[in-house]
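There are 2 protein chains.
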Amino acid sequence: MTPEPSSLRIPAEALRRQIMLVLAAWGMAEDQARITAERMVEADLRGVDSHGIANLPLYDEFRRGGHVNFRANVRVVRETPVTALFDGDGGLGHYPSTLAIDLAIEKCAQAGLALAVVRNSNHYGAAGVYVLRAAEKGFIGLCGTNTYKASIVPTFAAEPMFGTNPLAFAAPAKRNPPFVLDMATSTAAIGKFKLALMHGKSVPEGWAVDEQGRPLTDPARAIALRLITPLGGTRELGSHKGYGLAAMVEILSAILPGALATPVRVRASPAGLFDIGHFFLAIDPGCFREKGAFEADLDAMIDVLHAARRADPGQPVLVAGDPEIAEIEARTRQGIPVPRPLLDAIRAIAEAAPCEFVLQARG
Amino acid sequence: MTPEPSSLRIPAEALRRQIMLVLAAWGMAEDQARITAERMVEADLRGVDSHGIANLPLYDEFRRGGHVNFRANVRVVRETPVTALFDGDGGLGHYPSTLAIDLAIEKCAQAGLALAVVRNSNHYGAAGVYVLRAAEKGFIGLCGTNTYKASIVPTFAAEPMFGTNPLAFAAPAKRNPPFVLDMATSTAAIGKFKLALMHGKSVPEGWAVDEQGRPLTDPARAIALRLITPLGGTRELGSHKGYGLAAMVEILSAILPGALATPVRVRASPAGLFDIGHFFLAIDPGCFREKGAFEADLDAMIDVLHAARRADPGQPVLVAGDPEIAEIEARTRQGIPVPRPLLDAIRAIAEAAPCEFVLQARG
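From first to last, the protein sequence lines stand for chains A and B. Sequence positions in the first sequence follow numbering that gives the first Met the number 0 and run 0 to 362. Sequence positions in the second sequence follow numbering that gives the first Met the number 0 and run 0 to 362.
The reader is advised that the hints may include incorrect statements.
Stated by the list, open to error - So these bits of chain B aren't anywhere near chain A, every CB distance computed over 12 Å: (1) 26; (2) 29; (3) 56; (4) 166; (5) 217; (6) 240.
What the hints assert, rightly or not - Calculated lysine to aspartate or glutamate pairs in the DMTMM-like style (CA-CA distance at most 25 Å, straight line): (7) B:290 <-> A:59; (8) A:148 <-> A:59; (9) B:191 <-> A:88; (10) B:148 <-> B:78.
Source of the hints: derived by calculation from the structure; they are not laboratory data. All figures in this text were calculated on a predicted structure; none of them were measured in a lab. Where a beta carbon is used, it is the ideal one built from N, C-alpha and C, also for glycine.
Could you build the full structure based on these sequences and the hints that come with them?
Laid out in structure tokens, this is it:
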């Protein structure tokens with residue numbers, strides 16, 4: 000992807016260092032800051048621009064609003080050989096989520112199956128980076144999170160009740176990169192509205208509605224109203240399924256660990272820490288298949304999908320994870336495109352933190 | 000729901016008995032026939048007309064085509080304290096699926112978490128009835144299946160690669176009935192096309208496409224071509240998410256147990272037994288929450304959703320499982336509506352089996 004003319008290409012390592020410097024200046028312990036920065040820059044490398052360094056201004060806003068604890072004492076509060084409950088102590092979600100998926104992987108390696116959940120957490124960035132850790136160890140990963148702000152309007156409703164409640168799933172292949180699905184359960188992620196706004200484009204009919212439930216195509220109004228459709232868009236095209244998936248993610252992410260469910264938050268509008276929740280499931284295919292058989296069968300499926308007859312001869316059929324792999328290769332080589340306004344915002348954040356500003360365009 | 004004028008209301012017990020008589024005449028052991036009939040009639044009671052007794056003619060077709068083994072020796076082939084792999088021996092899926100979810104529930108009661116998968120199986124009816132068994136025991140249930148026939152066209156492709164790969168999820172509440180999501184990962188289930196055809200209606204644009212990828216609204220052609228869209232409908236409205244979900248269900252249902260993945264089947268077109276797979280996950284909220292806390296929080300969420308501001312004052316906001324609860328009450332009282340053509344088909348099946356024909360309209 001060519002960066003926007005107003006973007007600079009910055010090496011991943013510099014972004015990681017900048018995020019660490021800011022988080023440390025905000026009071027976060029070194030290991031937490033390092034892991035948080037790693038997860039954020041992994042999102043940037045994968046092309047998920049909305050969930051990497053672009054979130055630093057959002058986290059600054061949370062900080063100033065008293066919604067996040069940068070001195071969090073993350074701990075396991077309940078545990079069995081196949082389950083674990085983490086308390087995030089109000090901190091950002093990346094660090095407890097990394098501990099949680101890694102503990103699920105560890106337990107899965109022993110028992111074949113494990114589920115770790117996190118309560119009292121906050122925004123955890125891109126869901127895909129957590130399940131990818133499971134796939135890299137040879138396990139299937141499934142995860143999700145609820146969010147701090149409602150935006151999905153249930154079918155037949157006129158107010159938002161769920162965040163975009165993303166679901167991510169990864170499975171290991173052998174010849175192919177892992178299958179990695181990372182999707183908001185809304186028709187479109189909030190980041191896509193922001194992207195349309197930035198490019199001065201309207202959004203497709205079916206992504207958002209106004210207070211009367213009529214389709215809304217102006218991204219600025221859509222972001223302001225935050226009335227977005229569940230996957231499916233309309234009742235006729237299956238929005239009750241997207242709504243059901245958003246509710247499923249809410250139940251597993253928030254109600255299971257005992258975090259605050261977004262619909263309840265909508266009614267109560269509590270101040271202070273957000274109390275967001277996440278879940279992380281790991282499955283060992285080795286409990287069911289001979290060594291290598293799962294990966295070989297997944298490779299065979301991926302190959303058939305790639306070879307499927309195309310609707311447009313010039314557009315290959317993709318498998319979940321393909322676009323991110325292409326981005327990782329390009330961005331590792333060329334650096335990560337950072338729009339100038341974001342760069343300016345980060346410079347201001349660094350000055351206020353205060354900490355060193357280390358972002359410079361690649362050679 | 001008022002039955003179509005051409006439908007008769009038949010008590011659930013008569014349908015159960017009729018299905019058992021037919022399956023037994025086809026060679027199925029008594030316990031397997033009883034359990035299969037129970038699952039099928041549960042679907043009918045829940046209003047899922049496409050997955051109850053209406054499937055008997057389909058199973059007869061499978062039988063005549065040599066695609067199902069009515070003398071299946073279902074067994075556990077691999078097992079750990081939290082996992083189990085069943086071999087369905089080519090029989091219908093309802094019986095091994097019931098054993099699998101019940102074993103997952105049993106292991107979950109011991110360990111807090113369990114996953115049972117089935118290979119070498121066949122059509123298992125309605126996904127919702129299996130996860131409901133978990134919710135009735137106080138556990139969260141998640142399940143899915145792949146299918147014998149491809150119909151979902153991946154984003155950017157021009158041929159079908161996945162079945163409608165349904166996903167079902169249930170969670171126990173206390174004051175409210177369980178949350179039960181049961182959804183095809185296509186925009187619409189095949190049954191909805193058949194319903195439109197039966198009523199002489201066209202289907203909405205976005206449900207199916209023709210060989211050139213153009214929207215198709217004629218249900219007869221859509222059923223014949225079987226090129227249906229993943230949830231989302233078009234790339235612009237998120238079909239890549241529905242496609243990703245269908246692939247996720249395929250990986251968990253077919254590749255994990257070692258059944259035949261549908262895309263591979265599309266290429267190979269093997270004759271004989273279908274080798275379909277299913278997965279069943281059970282989670283004990285008691286590993287994470289104090290007794291009753293999960294159910295109370297889910298009740299609170301469901302209550303807020305029911306009380307959400309309505310887009311149309313006359314149309315309440317529903318929660319997954321609500322429509323089925325209403326059907327169960329009505330159909331238990333009034334009987335299950337069976338269209339006359341289906342009744343005639345079952346009479347013919349009973350005569351050919353041969354077995355007694357016991358279906359009579361209610362009083």
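Okay, the hints, checked on the actual structure:
1. 26: holds (29 Å)
2. 29: Non-interface label stands for residue 29 of chain B: nearest chain A Cβ at 30 Å, farther than 12 Å.
3. 56: For residue 56 of chain B, whose nearest Cβ neighbour in chain A is about 27 Å away, the distance exceeds 12 Å, so it holds.
4. 166: violated (8 Å)
5. 217: Consistent with the label, residue 217 of chain B stays out of reach of chain A, its closest Cβ about 17 Å off (over 12 Å).
6. 240: Non-interface label fails for residue 240 of chain B: nearest chain A Cβ at 4 Å, not farther than 12 Å.
7. B:290 <-> A:59: Violated - the C-alpha atoms of residue 59 of chain A and residue 290 of chain B are around 38 Å apart, more than 25 Å.
8. A:148 <-> A:59: Roughly 16 Å between the alpha carbons, so the hint for residue 148 of chain A and residue 59 of chain A holds.
9. B:191 <-> A:88: It is violated: about 47 Å lies between the C-alpha atoms, which goes past 25 Å.
10. B:148 <-> B:78: violated (30 Å)
Consistency with the previously given hints fails for numbers 4, 6, 7, 9 and 10, ordered from lowest to highest.
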